[in-house]
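Residue numbers (this note's numbering), protein chains in the order written: chain G, 1008 to 1379; chain R, 1008 to 1379; chain W, 42 to 367; chain H, 42 to 367.
Quick list of simulated restraints, FRET-style, between CB atoms:
1. R/Lys1283 <-> W/Glu88: 29 to 39 Å
2. G/Pro1305 <-> H/Arg321: 49 to 59 Å
3. R/Asp1052 <-> G/Asp1059: 54 to 64 Å
4. W/Ala355 <-> G/Glu1080: 35 to 45 Å
5. H/Pro233 <-> G/Glu1367: 22 to 32 Å
6. H/Lys294 <-> W/Phe323: 13 to 23 Å
7. G/Lys1349 <-> W/Asp64: 57 to 67 Å
8. R/Asp1115 <-> W/Pro228: 31 to 41 Å
9. G/Lys1190 <-> W/Gly235: 53 to 63 Å
10. R/Glu1315 <-> G/Arg1113: 51 to 61 Å
11. G/Tyr1371 <-> W/Ala355: 14 to 24 Å
If you are wondering where the hints come from, they were derived from the structure by calculation, not from laboratory data.
For every residue, glycine included, the Cβ atom is placed at its ideal position computed from N, Cα and C.
Spelled out from the first residue to the last, the chains are:
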Amino acid sequence: MSNGATETRSRAGADERSGSSAIAEQPKASASTPGNEESKKLKRDQKRRLEDTDRETLIQLFRQMLLVRRFEEKAAESYSLGKIGGFCHLYIGQEAVAIGCISVLRPDDYVLTSYREHAHAIAKGITPEAVMAELYGKAGGCSHGKGGSMHMFDSSVNFLGGHAIVGGQIPLATGVSFATKYKGTDRVTLCFFGEAAVNQGSFHESLNMAQLWKLPCIYVCENNQYGMGTSLERAMSLQDVAQKACAYDVASEFVDGMDVLAVREATQRAVERARKQSLPTLLEFRTYRFMGHSMSDPGNYRTRREIEKHQERDPLKLFRATLAEEKILSDKDFARIEEEVKAEVDKAVRFAEESPEPDEGELYTNIYADEQ
Amino acid sequence: MSNGATETRSRAGADERSGSSAIAEQPKASASTPGNEESKKLKRDQKRRLEDTDRETLIQLFRQMLLVRRFEEKAAESYSLGKIGGFCHLYIGQEAVAIGCISVLRPDDYVLTSYREHAHAIAKGITPEAVMAELYGKAGGCSHGKGGSMHMFDSSVNFLGGHAIVGGQIPLATGVSFATKYKGTDRVTLCFFGEAAVNQGSFHESLNMAQLWKLPCIYVCENNQYGMGTSLERAMSLQDVAQKACAYDVASEFVDGMDVLAVREATQRAVERARKQSLPTLLEFRTYRFMGHSMSDPGNYRTRREIEKHQERDPLKLFRATLAEEKILSDKDFARIEEEVKAEVDKAVRFAEESPEPDEGELYTNIYADEQ
Amino acid sequence: MAVITMRDALNQALREELQRDEDVFLMGEEVGAYQGAYKVTRGLLQEFGEKRVIDTPITELGFAGLGVGAAMAGLRPIVEFMTFNFSILATDQIINSAAKMLYMSGGQFKIPIVFRGPGGSAFQVSSQHSQALESWFAYFPGLKVVMPSTPADAKGLLKTAIRDDNPVIFIEQERMYGLKGEVPEDPELTIPLGKADVKREGKDATIVARSLMVPLALKAAEELEQQGISCEVIDPRTIRPFDIDTIIESVKKTNRAVVAEESHPFCGVGAEISAEITERAFDYLDAPVRRVSGADVPMPYAKNLENLAIPGVAQIVAAVREVTYS
Amino acid sequence: MAVITMRDALNQALREELQRDEDVFLMGEEVGAYQGAYKVTRGLLQEFGEKRVIDTPITELGFAGLGVGAAMAGLRPIVEFMTFNFSILATDQIINSAAKMLYMSGGQFKIPIVFRGPGGSAFQVSSQHSQALESWFAYFPGLKVVMPSTPADAKGLLKTAIRDDNPVIFIEQERMYGLKGEVPEDPELTIPLGKADVKREGKDATIVARSLMVPLALKAAEELEQQGISCEVIDPRTIRPFDIDTIIESVKKTNRAVVAEESHPFCGVGAEISAEITERAFDYLDAPVRRVSGADVPMPYAKNLENLAIPGVAQIVAAVREVTYS
Ligand SMILES: Cc1ncc(C[n+]2csc(CCOP(=O)(O)OP(=O)(O)O)c2C)c(N)n1
Ligand SMILES: Cc1ncc(C[n+]2csc(CCOP(=O)(O)OP(=O)(O)O)c2C)c(N)n1
Ligand SMILES: [Mg+2]
Ligand SMILES: [Mg+2]
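Working from the sequences, and respecting the hints, build out all of it.
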């Protein structure tokens, strides 16, 4: 790593930079089996970060994390009822990443991500109604029912999808950041992808171009430790994703993705680097997916026990606990927010249910821009 | 880098492992602008290595380097006379790499490479006749005139081509080494490619699989510092190719590609690793292309001066000087070898000239294995 | 004969060929521990172990090329694409390496490899995950392309494909994995590539259908029977090599032809079949060959639009009535 | 009017459009410092600078995707493939991103991008570097595909392609860069996409030819004129959208059609044209449409074999005589 942007990483000392597989273990260990020491330390860091964040923001972060959690739970319900078709990749367990990252962006910054994008879409400003309606394949959906679960788009909030080819969004985001620089703006582009996407050639080709041309693109790897049923270890020879930045001289950080404030802090540094110096960053957030890969996942590639272990560090639970201890929110407040969020999600479902199917004529629109 | 396979590299000290762009410069400096100190040191190393190599081998190495040099000169001549068509990528200046590497292989080891493969084909055991005839597009060519300059093949000497899509041979070679391991043999696969091919996704995807599955594949990057008209610096954000192995936990070495004995020594270590431990290695040989990218290259992307500077370290000249100083070969010997080599190349041209064009019926053979 | 699903028929073929030949191995995303994204490879890891059933990283270009290299060195790889949509990332290795190697090496390196997986339309997964690519692969000399429409064909054709010394693109229809049919037990059951199958005999019109369209064409034929129109339904089964003779023979009898396909029309396999029929049986045709193809649009997500994009029995019936001027 | 080469006509189009619109930029391998592998981009780096003329690493998938992303954010990229052979590595981004983005986003994101470069047969570079891929791209709704056959068409069509709001695949024939022809000076010279051009009028037979085959078809027409057969030669120029009407009109007049192409026949553009003509003008046809296509083999290196693989005037003449029963 270079550009000294390795705060989190450098904690573990110098040999961590040697590229030996040893370090690959370190972060994995830290995230997947949180020792008592570890979590105490995390608590301390979190408290420190609390001070630097204003109350409104803290509440907003919690509210949003809760919103996307409840949204996904409802989506799962609708899916089981057959009201949502196709695949449906839920985000439960990873909320701290999308909410934390996107919370530091400006409205005119861009976001691109994969098929696991409901939370990102909502965080960037698409209404839960429009996202749910898209899942229902209705005309009121953010892609007018043509994209579905994996292809949410909204140009008005600079949410550029929703891409279903693993790794496909990485060159696209690189191009978006190329355009913002070309136009002389200081807009930043955030590109989310899973750790399994890192094995795709498109990751390699993109990071090289991004550093070669100094593009303000932030590559956010949501390392939930599984690509479908394949664990990190079974797919990657060196499992330290952040470390891979060394092959491109790109700045990188490894961060606990269960801690929304840690996510925010790291993203802020990357956004600074992008906006001020027009330089890319690779961020690895270690997180975990509590539900199956998609609704059809039997999930027999991991144990209940493993999932439960990670659920002890449920990002929502952790953050709620902190907010409570710090007396930032009372039980009454939490109850009220739960109420509001529930109402918002129910409203989204109602909207989706009532929204009409796309007009049959839509089958032949939007193929070429000319007809527009 | 890991596995401690960084002899050459570690010379430059510890910080060299930190992945900062600084090191990217170091090897470049060493190879492209050889200071007096540098070259003295190289001389010493070379002498040391002389002791460990028997006379017969030394002579054979020189003879082969001279043979492919003269072969390419003749190919250029025939091309100018319009007797060879298509592209024609000459190897002049890089002889120490193909000859050095392949000299440590067993006949049953495999070699795959790019379109710049005349020397590799000859080094692996295809006769100059068959290679020249292929350039002429004649029935006597090693691919019976169907492959041409970029697609030399000979199954009898385990030379598996000759591939014209930049980076395309890298997954192929990975698969060949997968097969040798699957079959329980200790055969090694050598895969040559240029430094520009390193930017292709296929390089990234292959090195990950090779280390993940512990495949006995040796990835040989012939870093001649240009991909067509584009210099290393203009195409690669981190120009230290060997360093990129850190992203996969693959062992790697950076080696002076103008010193045939250094090439041999490094390749021997990699072959050991592959044969004994079934592990991959990435070798970067810094070298230089004295001729144009292909016969049609105007070459206005670099100066005469730059080329001449590198020609001072012409691998053939360097090695000849050492052999002379060490009294391993006398001027008479050199003259004799020149004679023999010239005769061999002339014989190749005669063969190519006299070999018939492929029978017209050949147009429709070899499309499917069935008809065989 | 046992009645089993297309999925299980394919699974049997894979198991039998893995048992039969040590050089055969299977690789792809989630083919092992996960038992296959569509469960076609269920149980194979347990039976044959990690050496021969290999889970790969998500690197389609890489492992497709690795497979071709392994074939050059004497193995017989079966490479599964979780879906053929992802083979688009691997086309360079499939076309430039697998299809051309034998030719450009002057006959020295055959590439006995099978690229298989589900293709065609899926259920509400939108345009990046729902498309027919057979015409892409069939365009290239050097490749064979197979598309079964019944469990028995699937098993027999896959076994032949695995034993074939050429690269074979084997496309299974994602919507048909659950389709049931009788499959002979015979472990030596193989079906030659390049041999069409007359799924139903008739005299008034010829319907050429493949993959998902075969059951629909048979339904259409039944409906038309009621209306007094007798249809012959032919499933080419192999797109390359293509058994045009069986089709021409039929057309010379019926003098009318309809091609049904779920793929896009432009430069599709239907276009090739239509052109071939006209070139070879022009004087026998009482009507121009009609194509019933998938809508010429990227696949939409919404169920109602998706249904409109995929041809149904009604369109096939209408096309037959058109060519029979009834 | 100045007489210039196809190469210079393309260069003019690029220069004029770069001058006209700040959002237009050009990227690809060796397009800048090297002045283009085939010199089509000569002088552009010097005139427009490194911001707008960008040399890329050899990462076709990466920079094709980068181009599509830049288009999503409002730029109008021109992405050069050194040759279209290498676009095979980028098909995922071309098909799954460029072609489908507008549709799957419900009309929100248009992708105004041009992918251009030489395609078709080259001179003795064997099978990985010599192939025709137009049918691959034309298969997909969402893409436009253009193949000019004269310097004037090349300039006018490229300028239109760059101004088009859709992804356009612009295939220049590698062997035709040196071809000379008259080109109007007019900087506003544009030629609409989707409009065929009648290159020669005639009454006995229609020859539909594109790209490299157009000059050969015209030569064949001259020869046939001597033999008393008057041929109409139509160049569709755009493969998608395809101007079938102009062709049908001609066939209704001549009652006979031949399609000439250097591509492989199977599922090629010729198959589509043949099928379309038959579907729409069956009753006007006095003979089945004949296709003259490139050999159905990977391109061989040897000059004598390569010559046999590419259709020539003789084959076109023979095909016309066949359909005219002369
Ligand atoms: C190119 C490609 N190959 C395979 C798939 C099927 N697939 C969809 S998601 C997925 C796993 C991706 O894992 P990761 O990148 O870690 O993201 P996550 O699902 O964990 O968020 C796979 C194999 C695909 N969509 N695209
Ligand atoms: C995928 C692909 N893109 C582009 C080309 C055209 N091309 C042939 S060689 C070359 C340069 C390769 O440079 P490098 O890998 O360093 O090898 P070198 O020629 O220096 O030996 C290019 C761009 C190609 N053959 N394949
Ligand atoms: Mg994951
Ligand atoms: Mg090079």
